[in-house]
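All chains should be built: construct the whole structure from the sequences, respecting the hints.
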Amino acid sequence: MTEVKEIDWYTLAAIGIVGGLVAIFLAYFLNTTLKVSYFAFLGAVGAILAILWGADAVRRICKYGIGTGVPSIGMLAFGMGLLATLLGLKIGDYLVTQTGSSYAIYAGPIAALILSLIQGAIIGYIANAVLKMKIPTMQIGMIFIAGAASIILMGFSTTITGSFDYSSMIKYVFSTGFIAPLFMIGALPMLHPFNASLGPDEDQRRTLTLAVEASLLSTMMFGLMSLAVFQTSMLSSAITVVLGLIAWVYAYLAYFKKVKECGVQILATGVLPKKEA
Amino acid sequence: MDPITLIIILLGITIGGLLVGVGVHFVPVGGAPAAMAQATGIGTGTTMLAFSSGALGLISAGFTMHDIMDGSLKSAYPTFGPAALDGTLFSISGITSNIMPILLVVVAGVVGAMIMMVILAVVANILYAFAIAVPLVSAKVKFDPITGDRQDLYVTRGTEGHGTPTVAVISSLLGGLFGGAGGALLYLAFVAGGFGALGVAGIATAAFLTIGIFFVNSVLASYNITGTIEGFHDPKFKRVPRAIIACTIASFVMGVWAIALIYLGVGVV
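Keeping their order, the protein sequence lines are chains Z and E.
The first sequence runs 0 to 276 under numbering that gives the first Met the number 0.
The second sequence runs 0 to 268 under numbering that gives the first Met the number 0.
Hints were generated in silico from the structure; no laboratory data involved.
Hints are supplied without guarantee of correctness; some may be wrong.
[Claimed, not checked] With a straight-line cut-off of 27 Å between C-alpha atoms, the simulated DSS-like cross-links for lysine-lysine are:
1. Z:Lys256 <-> Z:Lys4
2. E:Lys139 <-> Z:Lys133
3. Z:Lys133 <-> E:Lys237
4. Z:Lys131 <-> E:Lys139
5. E:Lys73 <-> Z:Lys131
[Stated by the list, open to error] A short, non-exhaustive set of chain E residues, derived as facing chain Z with CB atoms under 7 Å:
6. Gly147
7. Phe214
8. Thr225
9. Ile243
10. Ala245
Ideal Cβ placement from N, Cα and C applies to all residues, glycine included.
Right under this line is the structure:
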């Protein structure tokens with residue numbers, strides 16, 4: 000197997016932050032200026048970029064063995080992210096009513112991301128300094144997973160509602176009960192890849208391919224959920240589901256190829272002889 | 000909302016999160032080895048245990064709350080409903096005039112969480128005893144502190160105990176008590192902070208913000224015990240002061256976010 004250089008996690012962080020925010024903003028901007036909801040799928044694109052960032056951070060923390068199983072860290076990230084995200088989006092909403100400018104809404108996701116990063120920094124500090132976990136990647140890793148969780152929440156909310164403001168999140172994500180699957184299958188693509196591929200020959204590209212594959216499955220689910228919101232224009236949901244499906248098939252095949260590359264052939268040697276010769 | 004109410008809500012969230020964190024230390028978390036009957040405790044991770052008991056605690060607390068606000072208990076506690084809707088429940092006068100219904104909701108949360116814990120511990124024990132055929136023993140103590148039964152003779156060599164023995168079941172009940180009380184307190188704090196007035200959306204938001212804080216505290220507590228613990232008789236239980244500091248700081252920070260959200264107004268346009 001050829002040695003492939005790992006992608007630096009700061010590069011992935013940049014992709015997650017910039018790509019995630021730009022995709023969410025673009026979805027909202029195109030939807031509101033063209034007065035359609037067809038661009039809701041761009042939210043999922045942002046979420047997938049953030050999932051790449053989060054899944055890489057998860058694998059770098061959990062490589063040291065945290066003792067509680069990998070899923071716990073995804074749940075921790077979403078627990079940290081949810082409150083900070085809601086507050087950040089509320090700040091955006093508040094700025095709109097205070098300044099009267101509709102562009103102030105774009106401050107919401109940025110505030111949400113910053114608050115989540117702060118929250119992650121505090122939890123990471125607690126984990127290392129108070130709980131004495133002594134994991135060198137814990138501090139930065141916690142910051143990263145909290146930020147990734149925040150963008151994933153906003154990205155998939157945009158997929159469901161076509162918008163990321165506080166009111167539509169409360170009206171269409173919380174009130175409909177979609178927050179429960181958002182919490183679970185939103186976190187799943189972030190925590191599952193490393194949980195499934197951990198081991199001595201774990202390889203970054205394979206893990207991240209699995210992350211993309213899992214996040215596209217989630218995207219299809221959120222596309223179906225958006226049917227409840229886009230009742231008058233079901234085409235928007237159809238776009239998300241169909242694009243998700245096509246991309247998923249591609250990602251699945253790519254992951255299968257990676258697995259075959261990493262696999263080894265097992266030769267049948269037969270059972271051990273009953274008596275030694 | 001006046002500052003005193005906000006501070007009381009902040010205190011409620013901090014204490015609620017702290018209770019959750021302490022409660023996790025009482026729950027016999029066995030992890031994957033326990034699922035294979037090779038370690039003492041309930042055979043799953045802290046996250047799922049905390050979520051299951053927290054969710055049932057929330058359901059029972061929410062059900063009782065609905066009963067007090069609109070159901071059969073409305074005539075007994077007529078002031079609770081209006082106070083929860085207009086955000087005065089956690090002001091000083093609101094607490095003093097509604098102390099009984101608040102306690103009732105907290106107790107309902109405790110009952111729900113304790114029921115879930117005892118189901119998880121005892122139903123699994125039936126399977127361990129009659130399907131896998133292992134004795135229920137703890138490997139951490141020589142004699143069960145509650146029943147005084149000999150433990151070490153029955154531990155299979157190479158394992159760390161099996162099933163959930165009496166002391167661990169009692170410990171899990173205490174865990175449910177702390178976790179349920181903490182969860183109900185968190186939920187009440189969010190509802191009193193204005194989410195109660197939003198109807199269904201408010202209930203869902205309050206419940207999921209509660210679950211978020213629940214997850215943070217339970218995962219931090221499980222990092223403290225490195226994933227597994229048998230209960231209050233386990234030597235790892237001595238680490239609980241570290242978790243108290245950690246969970247207090249974490250819940251306080253989340254409480255600050257929560258009161259900032261409440262201060263800006265939780266209503267939708």
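ask   = Going through the earlier hints one by one, which of them does the structure break, listed in rising order?
value = Per hint list: 5, 6, 9 violated.
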